[in-house]
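There are 4 protein chains.
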Amino acid sequence: MSEPTRTEAFSDGVLAIAVTLLVLDLRVPVKNTLHGTLASALAHEWPAYAAYVTSFLVIGIIWVNHHAVFKLIGQVDRITLFLNLLLLMTVVAIPFTTSLLSEYLLDGGPDARTAALVYSAVMLAMSFCFAGLYTYVARHPVLLAEGVDPVAVRASIVRFSAVGTLLYIATLVIALFSAPLCLVAHFVIALYYCFQQIRRAG
Amino acid sequence: MSEPTRTEAFSDGVLAIAVTLLVLDLRVPVKNTLHGTLASALAHEWPAYAAYVTSFLVIGIIWVNHHAVFKLIGQVDRITLFLNLLLLMTVVAIPFTTSLLSEYLLDGGPDARTAALVYSAVMLAMSFCFAGLYTYVARHPVLLAEGVDPVAVRASIVRFSAVGTLLYIATLVIALFSAPLCLVAHFVIALYYCFQQIRRAG
Amino acid sequence: MSEPTRTEAFSDGVLAIAVTLLVLDLRVPVKNTLHGTLASALAHEWPAYAAYVTSFLVIGIIWVNHHAVFKLIGQVDRITLFLNLLLLMTVVAIPFTTSLLSEYLLDGGPDARTAALVYSAVMLAMSFCFAGLYTYVARHPVLLAEGVDPVAVRASIVRFSAVGTLLYIATLVIALFSAPLCLVAHFVIALYYCFQQIRRAG
Amino acid sequence: MSEPTRTEAFSDGVLAIAVTLLVLDLRVPVKNTLHGTLASALAHEWPAYAAYVTSFLVIGIIWVNHHAVFKLIGQVDRITLFLNLLLLMTVVAIPFTTSLLSEYLLDGGPDARTAALVYSAVMLAMSFCFAGLYTYVARHPVLLAEGVDPVAVRASIVRFSAVGTLLYIATLVIALFSAPLCLVAHFVIALYYCFQQIRRAG
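Chains as they are written, first to last, in the numbering used here: chain A, 769 to 970; chain B, 769 to 970; chain C, 769 to 970; chain D, 769 to 970.
So that you can see chain A by itself, here it is in the shape it has in the complex (with noise of 0.2 angstroms):
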């Protein structure tokens, strides 16, 4: 066992490369290659701008709750080192599928709840990951650091594993009506998260 310290940081470079990656998905228009304007080309870039912000906000949220578990956090043994590369895993894989969900929004067919449903299902496989990290370390109260009362973070396990699963469960549902409303799903969980932590810092 070993301080989380150096975990931490490959974590965070982890997350800081996956959240600065999402910029190779703002694609330049190649100049002559252009119907119309420019502006109306990157107009009509509009769901990459979506998918963007909304990945962004995502992989910051991921990154805040990341570091509020892993405050909690006092040693880590190789099976927390082991889930926690798993969650990594389905984290770096978030700037493939919002290009594909940019790529595929608009296009109305079953390829757009294709993208959809394939970028839900790494964010549930991401919150799954993530409920199987903390519930490993809640019940492993020989990992907690000094002062943190494991009878609480014990009793947290299913509210923190609940809520990001069963959310994540109903974009999947809405992926199978609407790639834009998925998206706006995703979009919309994510504010929820920053005012729900917003609240909570009050």
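Errors might be hidden in some of the hints.
In this list, chains with the same sequence are indistinguishable; a pair is considered to hold if it fits within one copy or across any two.
[Said to hold, decoys possible] Calculated cross-link-like contacts (lysine to aspartate or glutamate; reagent style EDC-like; alpha-carbon spacing at most 20 angstroms):
id: 1; residue 1: Lys839; residue 2: Glu914
id: 2; residue 1: Lys799; residue 2: Glu813
id: 3; residue 1: Lys799; residue 2: Asp875
id: 4; residue 1: Lys839; residue 2: Asp917
id: 5; residue 1: Lys839; residue 2: Glu771
Everything labelled a hint here was simulated from the structure, so no lab data went into it.
With chain A fixed as given, assemble chains B, C and D onto it according to the hints.
The following block gives chains B, C and D in isolation, referenced to the frame of chain A:
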């Protein structure tokens, strides 16, 4: 509330990646598609180099100022985290707007002005977010580090916020007339900040 | 000689970026070039996902082991820095070999075996570099951290070095027969390391 | 003035990303465009691998030297920050010049020499910036860390600055005759720095 160390580390990571991704805007001319020599093809790419240098300086200065602001901060709450996230969201977009501006800089027509407007608008948004972060921290003395004078910080809100905002609004106006001039304006602003900082350091 | 903190930070950065760049190997099918549905196009890309998961685990385990080795180190000299640099050079190549393997995995012919050989050869090179780093540190007790038993570290050189080297030589042999089987072998090795680590942690 | 910790962290981040982005210069041959086998296509790409190894070593050595210089520094002022930023600006350009050199290395004609000149010129600029940073710090003893001898630091300015500058000017001259020879020269210089460092460490 928590210590700002990990927020700084995450922000440093994002800023370091954003500034390094600028290199992806420097494109290698493909071997068999050259018209004329490589030297002339590279010389033709000067808008990309000019935009690279300008954006590199701008993000570098953002990092220096971010550093300076966080030296005032002793505690971060969730709203600080959220405002910081918004700021980073605008900075991460800079490699995209840089690429856009260098692609259309010499286009001459309305597309060049569109690219310059987008470049300036993202800088203005960045400036607003920075002003928002600074104002929030300045108005909540509990967040300030020990030994920092809350009155002095509060008194500097307008100066800190207004200069950048006015300068970037000016670039928006210039963008309506000339994209190359707009890039020059951004370069001069970056130099101004460098020298102002160096003078202060004297 | 100096403390290993900044070497670890640099290595963490490189490992975090290498693992995150793996996402660039996940390509979004371009909208108007699809033959059939997006779902079938994505399903067709399964080698890319399999290679992503495998390489992510491998780099993750490299990070865990790097972490473990550096916990033994109290001082780094220039040779340690240089050996560490060689190790990082092989790790940074992994996103490239991953992309190569996923492009040619199902090709069936000699090209698939070439891709699998390159993938395995880079892993073997990584394993050699890791063994070299460990052996060098183990043979120079002055570099070990306080409280670390030099005899125990020295006694573990062969075990630490031989297992990885032998396993990756085996994947080279498998690559001569079947690329998909070779990827499975790398995945199993990664799982073996995960479980071995978890067992040790018990 | 402030402590150099965060400047080092930011620089480490930029150097780690720049060195890792070199992998993007290693391109996977597209499946259906191969003339002959994948093995021969990869063998044909050897300039990219040679350039990758060389640039990786160069950036690695920059990192080692950056580390060494910052160990002398106790305080950073704004000019130090600015000079460090200029240095990073040249380093971040290295993945671009590496890609350029590997694309044109075997071209034989004037384009190969242009690419080698650009590669060497960026290295020379990097060397100048490093010399500038070192000279500035050496001439301002107030910036030095406790226990560092200002006289010794000052006495080493010429040695520190001149060697790199002269070596890189030599590569510029070589670039006028042969691009492959120029790459060999850069590789030899990198090895020289590695061995010189290792010798010093003995």
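Results for each hint:
Proximity of Lys839 to Glu914 under the C-alpha cut-off of 20 angstroms is restricted to the intra-copy arrangement: shortest distance 10 angstroms within a copy versus 22 angstroms between copies. In this assembly of identical chains, Lys799 and Glu813 lie within 20 angstroms of each other by CA distance both inside one copy and across copies; the values are 15 angstroms within and 14 angstroms between. In the homo-oligomer, the alpha carbons of Lys799 and Asp875 lie at most 20 angstroms apart only across protomers (9 angstroms), although the nearest pairing inside one protomer, at 24 angstroms, exceeds that limit. Taking CA atoms no more than 20 angstroms apart as the test, Lys839 paired with Asp917 passes inside one copy only; the shortest distance there is 12 angstroms, against 29 angstroms between copies.
Taking identical chains as interchangeable, the C-alpha atoms of Lys839 and Glu771 lie at most 20 angstroms apart whether they share a chain (12 angstroms) or sit on different chains (11 angstroms).
Comparing the model with each numbered hint stated earlier shows that all of them hold.
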